[in-house]
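**Student:** For the protein sequence lines, the chains are A and B, in the order given. Each residue of the first sequence is one higher than the last, beginning at 4 in my numbering. Each residue of the second sequence is one higher than the last, beginning at 3 in my numbering.
It is possible that some hints are incorrect.
[As the list claims (entries may be wrong)] With a Cα cut of at most 27 Å, we get these calculated DSS-like pairs of lysine-lysine:
no., chain 1, residue 1, chain 2, residue 2
1, A, K103, B, K47
2, B, K284, B, K350
3, A, K103, B, K284
4, B, K462, A, K154
5, A, K103, B, K147
6, A, K111, B, K474
7, A, K111, A, K68
8, A, K133, A, K154
9, A, K154, B, K458
10, A, K154, B, K429
11, B, K458, B, K474
To be clear, the hints were calculated from the coordinates, so they are not data collected in a lab. All figures in this text were calculated on a predicted structure; none of them were measured in a lab.
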Amino acid sequence: MLEIENLHARVGDTKILNGITLSVKAGEVHAVMGPNGSGKSTLAHLLAGRAGYAVTEGRILYDGKDLLSLTPEARAGEGVFLGFQYPVEIPGVSTLYLLKTAVNAQRKYRGQSEIDALDFLAWIRDRVKKVRMDIEMLHRGVNEGFSGGEKKRNEILQMLVLEPRLMILDETDSGLDIDALRIVADGINALRSPERAILLVTHYQRLLEYVQPDRVHVLARGRIVRSGGPELAHELEAKGYGWLDAA
Amino acid sequence: MSTSRREIETLLRGGEYSAGFVTKLDADTIAPGLSEDVIRFISAKKQEPAWLLDGRLAAFRRWQKMREPRWAHVQYPQIDYQAISYYSAPKSLKDRPKSLAEVDPKLLETYKKLGIPLAEQERLAGVAMDVVFDSVSIATTFREKLREAGVLFCPISEAVREYPDLVRKYLGTVVPPGDNFYAALNSAVFTDGSFVYIPKGVRCPMELSTYFRINERNTGQFERTLIIAEEGSYVSYLEGCTAPQRDEHQLHAAVVELVALDQAQIKYSTVQNWYPGDENGKGGIYNFVTKRGDCRGRASKISWTQIETGSAITWKYPSCILRGDGSTGEFYSVALTHHRQQADTGTKMLHVGRNTTSTIVSKGISAGHGRQSYRGLVRVLPSAAGARNYTRCDSLLIGEHCAANTFPYTEVRNPTAQLEHEATTSKIGEDQLYYCRSRGISEEDAVSMVVNGFCKDVFKELPMEFAVEAQKLMSVSLEGAVG
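Full structure from sequences and hints, please.
**Tutor:** Below is the structure:
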């Protein structure tokens, strides 16, 4: 489903990614781990289409399409979703309105008709229960005055509503207490299916106790230095990232 | 010599106004130029009483000694006041487009985007409507309902004839003829506008809107509006102009006066979308307007809400004189300048009475080469013990070439007054746009969404159907602001 081939990228004069190759098949969950500054978030944002990165070499194929040539909204239309590490506040725009607009924009992209307003309301209410958010929060400005945990749950809510095929979750577990972590993990697991793929970008092994990855990759200085099964995450937890300097 | 010039002379030779002349005067527009003769012509056309003509002439003489204000943060070439025609009657039915098929398709496209119903599109485009009977009957029902409540609502020229005592008592008492250059000009040459009178204790049974006012398909350049709310009454007045005007630079100098007596409330909402000119600043309206409300009575309240998206230049400061003890003034504003539009707008809150309160919420959006300034004055007089003001001005910039300024002035001469002021200027968040886009929303829709969110505090003050229109208007006005 996702093929990242020898990806090199920079911001300004700083090289961030130095040749990443990664292949994710439908139905798989991959974890990308690594210390701060290893390029994890850059990779996540490159997949979602944030401006400001220059790809100097390599390419990304998604369902065989050149992902880098698509606008962020087209990528979303194709089923790519990024759960933000730092979800953005949009004052005066309710989560309900954002999601309804997003769902209809994606449907339009796929040549489908607009969703019925009442169907949508029923649909979103059900999802809100799953992430145990207060229904009233749907009417508040997007992430406006939300706590860190509420923002992350709002990301998961959006993911559950949009039902993407490729989910990239950037440090969604950071700053969560154990209850919130479980809710987030349940949300991710709920979407786990043979047609979908998940990329978990994380610093800690914690989330992986609840969402079992098929593959774990260790990123350091902009390249993947090791790949392995779920046991690699445990090894990292025990040894920390210090050994990478020697690697 | 033009026909109309000849007519003026005929008229003047006749000396005093006499009804006999009227039938002879069938010209639609008089030749450009401004003089006492022109003013006499307008007054005669409107069959006005002598006191009003005298008032016009006095205003004209004052105006001649005044200078055009240049302190506003806007730039435009010198206006030639002798090149303007000061009287233009509605065109006769035969000159109008016969159907929407004859109307500029670009104009219709805009109407469509705004979701304006077909019948209203015809009205806005000035189509000679055979269905006019429909609107007449609507208007008639409407008027009857108002008459039952004792509410007077008619063109101001009609009010001058029908209710001369009321007009004479209040006209020019809130905005005196010598108030400023444009107000003086308006006082000399005004030709149309609304008159509203709400009797004591009456809550106006419906929102008054110019939409329902027949007789007014072509809005004059120099409107004059007067609204009087008697003790304990309430009225909500909507002034909407969603018609892009196709004219070259054209001066629009209106005066609006509101009077609220004891415990009366006036809510005045404007959605202004005059033709803003093209991307390069060609054409567009110069919107130089004086709007002021007088909270004359105890515990009265005047609330201005304005959505200003049109005009090449906007110069406008809807204000409140808080004279009555415990009176309240409010100003909620969204101003958007795109392409080469310029706006210098804000409000004045003049606290005279004790325990008077004012609230100012201003949201400015600049895109393209748009320039705008918030200019506000909060003045607390020594008599205004316990006065309070809350001011919030936020500016949002879209792109690299626009500009926003804030000029908040305060003059406090009573130590018990409490004033709060908050102001922010920010660029539209790249992160916000990216966030929306990563959810599948196009960049243009994302901009419009973020901007509408930014304006929400003001939009919620608008009557429901206006709020919807205002949101659509923002999206249409912002087209091409990014990318």
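**Student:** With a cut-off of 27 Å on the C-alpha distance, tell me whether K462(B) and K154(A) pass.
**Tutor:** holds (26 Å)
**Student:** Within 27 Å, alpha carbon to alpha carbon, are K111(A) and K68(A)?
**Tutor:** Roughly 19 Å between the alpha carbons, so the hint for K111(A) and K68(A) holds.
**Student:** Do the alpha carbons of K154(A) and K429(B) lie within 27 Å of each other, as the hint requires?
**Tutor:** holds (23 Å)
**Student:** Can you confirm whether the C-alpha distance between K103(A) and K147(B) stays at or below 27 Å?
**Tutor:** violated (41 Å)
**Student:** Does the alpha-carbon distance linking K133(A) and K154(A) stay inside the 27 Å limit?
**Tutor:** OK: K133(A) and K154(A) at ~15 Å, within 27 Å.
**Student:** Between K458(B) and K474(B), is the straight-line Cα distance small enough, at 27 Å or below?
**Tutor:** Cα-Cα ~13 Å, so holds.
**Student:** Does K103(A) pair with K284(B) here, judged by a C-alpha cut-off of 27 Å?
**Tutor:** violated (39 Å)
**Student:** Need the status of pair K111(A), K474(B): alpha-carbon distance at most 27 Å?
**Tutor:** holds (20 Å)
**Student:** Just to be careful, I want the Cα atoms of K103(A) and K47(B) compared with a cutoff of 27 Å; is the pair within it?
**Tutor:** violated (56 Å)
**Student:** Run the distance test for K154(A) versus K458(B): straight-line Cα separation, threshold 27 Å.
**Tutor:** holds (22 Å)
**Student:** Between the alpha carbons of K284(B) and K350(B), is the straight-line distance 27 Å or under?
**Tutor:** The given pair, whose Cα atoms are some 31 Å apart, is violated under the 27 Å limit.
Hint violations for this structure: numbers 1, 2, 3 and 5, all remaining hints satisfied.
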